[in-house]
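The lines below spell out each chain.
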Amino acid sequence: MRPETLLLRQVNPSFVQNGRVTSQVFRPTPKDLEMLSVDNGDLVTAEASFSRFTSTLNCRSKGVLAVSQHECSACCLSVIEDCAPYPEHCSIDFRAVSKSQTEKHAKFLRTNAEQRGWLFIGSNAGDDL
Amino acid sequence: MTPFLKPRFTGGRFERHGFPLEVLRDFAAFEQLLIEVAKREYLLDNQHRKRLPRGFSAQFDLQLAGVEKGSAIAVIALVVSGLFEPADATYLARARDQVIAAIASASAGLAQELPPDLLRYFDAFGRSLRAGEQVWFERDQLAPARFDPEVRQTLLRASAAEEWSEEMSLKGRVSAVDAADETFELHLNNGMKLRAPLRDQFRNDLMLGLNEYKKKRQVSVRGVVCRDRSGRLKAFSEVEEINLLDPLDVETRLEMLAELKDGWLDGGGQALDAKALRELAGAFDGFYDSRLALPFIYPTAEGNVQAEWTLPSGWEVSLEIELISKMAEFQAVKGDQLIEQVWQLASNGEGWSKLNAAMLGLV
Chain A
14 MRPETLLLRQ VNPSFVQNGR VTSQVFRPTP KDLEMLSVDN GDLVTAEASF
64 SRFTSTLNCR SKGVLAVSQH ECSACCLSVI EDCAPYPEHC SIDFRAVSKS
114 QTEKHAKFLR TNAEQRGWLF IGSNAGDDL
Chain B
145 MTPFLKPRFT GGRFERHGFP LEVLRDFAAF EQLLIEVAKR EYLLDNQHRK
195 RLPRGFSAQF DLQLAGVEKG SAIAVIALVV SGLFEPADAT YLARARDQVI
245 AAIASASAGL AQELPPDLLR YFDAFGRSLR AGEQVWFERD QLAPARFDPE
295 VRQTLLRASA AEEWSEEMSL KGRVSAVDAA DETFELHLNN GMKLRAPLRD
345 QFRNDLMLGL NEYKKKRQVS VRGVVCRDRS GRLKAFSEVE EINLLDPLDV
395 ETRLEMLAEL KDGWLDGGGQ ALDAKALREL AGAFDGFYDS RLALPFIYPT
445 AEGNVQAEWT LPSGWEVSLE IELISKMAEF QAVKGDQLIE QVWQLASNGE
495 GWSKLNAAML GLV
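One line per chain: the protein sequences are A and B, in this order. First residue of the first sequence: 14, per our numbering; consecutive thereafter. First residue of the second sequence: 145, per our numbering; consecutive thereafter.
Source of the hints: derived by calculation from the structure; they are not laboratory data. Just so it is clear, the structure is predicted and the values come from calculations on it, not from any experiment. Accuracy of the hints is not assured; some may be wrong.
Said to hold, decoys possible - Straight-line Cα separation of at most 20 angstroms, PhoX-like style, residue types lysine-lysine; simulated pairs:
#, chain 1, residue 1, chain 2, residue 2
1, B, K405, B, K358
2, A, K112, B, K470
3, A, K112, B, K478
4, B, K470, B, K498
5, B, K359, B, K337
6, B, K315, B, K213
7, B, K359, B, K378
8, B, K194, B, K183
9, A, K44, B, K405
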């Protein structure tokens, strides 16, 4: 993985209001066990990543944002190429980070992802909730 | 002046011991209902007469003589014109007792004695009552009769009316303005569309709302809405107020979040407590400094909310609010600078004052 490798993150529609995403998109929820799921953008396109998430995994996504491996490193967050449950899957590791630092890093990652812009937006992305 | 009727209003707006002016219109409708019942009583007692005496109804005049505390008790006096028989006033007293009995029956789920055509007068009486508000009518030797929006609906269902009306405030987007028909269409957030009369004073706001339909610009419309017998909203018959809402209007956003069901986050994600969200909306309205930018508000997986601000000064701010305990974790980040606080956003406003002060320090 290169420093500029983009890590693709699906965005739940409820995490978008008037086009702005919450920093929660870039921090693990309780079910994630402090590992944030992303896809390796060197191995899969944003559209294919979205398609697998919404069709195969039957989950909801407004579209795809991304942070780079370098941006994770800047927060001292390691990226694990765990390749499970599919070959392109990676996890951003928050296990060694306090709740306060998790929220702080999430803000940093959100800002960078927002500046990069949407890599893909689903066709049914009209409603935020 | 002896009180003719002393209905006690409780709940909601009446807990402040005053009378909202819009409720006064209900009294006019109540007077009309009493007079119609009194006419029927007179003709039953005087079956030899083919019609009522001229001016029978004009002799009665119900007046609001005062408002007593507890929560708000309306003192209504009957003034009878001296030109007529005082005995006629007894028909109005009988009408009062019958109407109160009808309300008590509806409240208890019993059959109605008032005929359907008279029950239709409840369309105008009680229209302004909101959920959680009640009117209590005292009865001799019996428990007071409770009248509330549900009892009103029971009475209207027992009438032959095909539809009835309610005063409501609804939110949605302006999806059409028809200058020829002088109507507009409100696209409610549940997908339903309602027609409403177009009044000149609201034309500018409606056109702004229409132009921003695709941006999901919300408007609130307050007025009289017709329902059919199945309870379905049909159309506005009157519009009293229209407000173009801020795109980040807190109450509207929290109402939307209240619609989330368990599992909203791909199987995880708890539903948010609707009552706590309403309380939070009220607290925001009452305590959040109006000089500050409104936040973006998102649900959290744990069933709480997180407010976020991206300030022009470069600060990224979040406030995670635990809905039941009202504990709030504040974090502001700008480069290497970090500010963190924990407050309870209690109803006394103290925590809110600290939030306001912290935010004013960042702008």
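Hint by hint, here is what the structure shows:
no.: 1; hint: K405(B) - K358(B); verdict: violated (25 angstroms)
no.: 2; hint: K112(A) - K470(B); verdict: holds (19 angstroms)
no.: 3; hint: K112(A) - K478(B); verdict: holds (18 angstroms)
no.: 4; hint: K470(B) - K498(B); verdict: holds (14 angstroms)
no.: 5; hint: K359(B) - K337(B); verdict: holds (17 angstroms)
no.: 6; hint: K315(B) - K213(B); verdict: violated (34 angstroms)
no.: 7; hint: K359(B) - K378(B); verdict: violated (26 angstroms)
no.: 8; hint: K194(B) - K183(B); verdict: holds (12 angstroms)
no.: 9; hint: K44(A) - K405(B); verdict: holds (17 angstroms)
In this structure, the hints that do not hold are numbers 1, 6 and 7, in rising order.
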